[in-house]
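**Student:** Sequence:
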Amino acid sequence: MVELLKREGYIVNHKKVQRLMRKLGLCITSFWRKTRKYSSYRGKVGKVAKNLLNRRFNSKVVHQKLVTDTTEFKYYDNGQVKKAYLNPYMDLFNREVVSFEISKQPNFIAISNALSKAIEITSDCPYRRTFHSDQGWAYQTPYYRQKLQEHNIYQSMSRKGNCHDNSVVENFFGILKQEVYYGKRFDSFESLEMTISNYIHYYNNLRIKKNLSWLSPIEYRKSFKNK
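Mapping of the sequence shown onto our numbering: position 94 corresponds to residue 94, and the numbering continues sequentially without gaps.
Heads up, a few of these hints could be off.
[What the hints assert, rightly or not] No more than 30 Å apart at the CA atoms, straight line, and that leaves these computed lysine-lysine pairs for DSSO-like: (1) 209 <-> 82; (2) 177 <-> 222; (3) 177 <-> 60; (4) 184 <-> 147; (5) 47 <-> 184; (6) 225 <-> 117; (7) 47 <-> 160; (8) 147 <-> 47; (9) 60 <-> 184; (10) 44 <-> 104; (11) 184 <-> 44; (12) 104 <-> 47; (13) 104 <-> 60; (14) 209 <-> 184; (15) 222 <-> 117; (16) 37 <-> 83; (17) 74 <-> 184; (18) 104 <-> 210; (19) 160 <-> 37; (20) 83 <-> 60; (21) 209 <-> 44; (22) 104 <-> 82; (23) 147 <-> 44; (24) 210 <-> 82; (25) 50 <-> 184; (26) 209 <-> 60; (27) 104 <-> 83; (28) 44 <-> 74; (29) 184 <-> 222; (30) 184 <-> 82; (31) 60 <-> 160; (32) 210 <-> 147; (33) 104 <-> 177.
Read the hints as simulated data drawn from the structure, not as lab findings.
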């Protein structure tokens, strides 16, 4: 918030900002809860790729290294609990979500659609790309592997049981759920879908980050290309 105010021309002490935010009820409430992490792992159902990324989560090239995963959400439909799934692809250059799909089922169609969009959007990369995931069943399928091979993209996978091998996208899931999901009730798939879509737009375009020189992911990418 201090940096956002500075961008608008206001220089305010951070303690004063915190005090005013508490007074106005603008501080984020923490919702610490022990929830079961969604896992798409179904054993070895196809080919498991090597961990080429090896926790090298930084990239100096736009669209060269992407990470992906699936996370689960809950919503209600006529009082019955339902589940929804988010499949994003994130660029390690600036932590921008370059593509995503939200679906009612953890199916291959959603993952494939997000993959196709990510491949198209990142096709301007002058170097060979790497797409990293966990060992989820969809990423092991011949179609997924063939799709990457057709576009000369390296496939990389986390080691089994090593969530830290894909920690960047896991952290994104945590931030998203902390800011717009935990503590809220969604009474339709559409309302949840809109909330997630709007948040990703905000995250890419407006949410500034310290390690991006206090720019949003898209601002950082554009400033890099203009240099």
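**Student:** It remains to establish, for every hint, whether it holds in the given structure.
**Tutor:** Okay, the hints, checked on the actual structure:
This hinted pair does not check out: residue 209 and residue 82 have alpha carbons roughly 33 Å apart, beyond 30 Å. Taken as a hint, the residue 177 and residue 222 pair is honoured in the structure, with Cα atoms around 27 Å apart against an allowance of 30 Å. Distance hint between residue 177 and residue 60 is fulfilled; the C-alpha atoms sit about 28 Å from each other, no more than 30 Å. Between residue 184 and residue 147 the CA atoms are separated by roughly 38 Å; this puts the pair beyond 30 Å, and the hint is violated.
With a C-alpha separation of about 39 Å, the suggested pair residue 47 and residue 184 falls outside the 30 Å cut-off, and the hint is violated. Simply put, residue 225 and residue 117 have alpha-carbon atoms about 21 Å apart, close enough for the 30 Å limit, and the pair holds. Our distance criterion of 30 Å between C-alpha atoms is met by residue 47 and residue 160, whose separation comes to about 13 Å. Simply put, residue 147 and residue 47 have alpha-carbon atoms about 14 Å apart, close enough for the 30 Å limit, and the pair holds.
Annotation: proposed proximity of residue 60 to residue 184 is violated, straight-line Cα distance about 38 Å (limit 30 Å). The straight-line distance between the Cα atoms of residue 44 and residue 104 is roughly 25 Å, inside the 30 Å bound, and the hint therefore holds. Restraint check: the Cα-Cα separation between residue 184 and residue 44 comes to about 36 Å, which exceeds 30 Å; the hinted pair is violated. At most 30 Å may separate the alpha-carbon atoms for a hinted pair to count; residue 104 and residue 47 meet this at roughly 26 Å.
At most 30 Å may separate the alpha-carbon atoms for a hinted pair to count; residue 104 and residue 60 exceed this at roughly 36 Å. Proposed proximity of residue 209 and residue 184 is supported: the alpha carbons are some 25 Å apart, at most 30 Å. Only pairs whose Cα atoms come within 30 Å are accepted, and residue 222 paired with residue 117 is accepted, the gap being roughly 20 Å. Distance restraint check for residue 37 and residue 83: the Cα-Cα separation of roughly 13 Å lies within the 30 Å cut-off, and the hinted pair is therefore satisfied.
For the suggested pair residue 74 and residue 184, the alpha carbons sit about 10 Å apart, so the restraint of at most 30 Å is met. For a cut-off of 30 Å, the pair hint linking residue 104 to residue 210 is broken: about 34 Å separates their Cα positions. Annotation: proposed proximity of residue 160 to residue 37 holds, straight-line Cα distance about 15 Å (limit 30 Å). A C-alpha spacing of about 37 Å is found between residue 83 and residue 60, which places the hinted pair above 30 Å, so the restraint is violated.
With a C-alpha separation of about 38 Å, the suggested pair residue 209 and residue 44 falls outside the 30 Å cut-off, and the hint is violated. Taking the CA atoms of residue 104 and residue 82, the gap is about 8 Å. The hint holds against a cut of 30 Å. This hinted pair checks out: residue 147 and residue 44 have alpha carbons roughly 19 Å apart, not beyond 30 Å. Between the alpha carbons of residue 210 and residue 82 the distance comes to roughly 36 Å, so the proposed pair goes past 30 Å and is violated.
Proposed proximity of residue 50 and residue 184 is contradicted: the alpha carbons are some 39 Å apart, above 30 Å. Pair hint residue 209 plus residue 60 holds up; C-alpha atoms about 17 Å apart against a cutoff of 30 Å. A distance of roughly 6 Å separates the Cα atoms of residue 104 and residue 83; the hinted pair therefore holds under the 30 Å criterion. Of the pairs offered as hints, the one joining residue 44 and residue 74 holds, with about 28 Å between alpha carbons and a cut-off of 30 Å not exceeded.
For the suggested pair residue 184 and residue 222, the alpha carbons sit about 34 Å apart, so the restraint of at most 30 Å is broken. A C-alpha spacing of about 15 Å is found between residue 184 and residue 82, which places the hinted pair at or below 30 Å, so the restraint holds. For the proposed pair residue 60 and residue 160, the alpha carbon gap of about 28 Å is at most 30 Å, so the pair holds. Taken as a hint, the residue 210 and residue 147 pair is broken in the structure, with Cα atoms around 35 Å apart against an allowance of 30 Å.
At most 30 Å may separate the alpha-carbon atoms for a hinted pair to count; residue 104 and residue 177 meet this at roughly 17 Å.
Of the hints listed earlier, those the structure fails to meet are numbers 1, 4, 5, 9, 11, 13, 18, 20, 21, 24, 25, 29, 32, in rising order.
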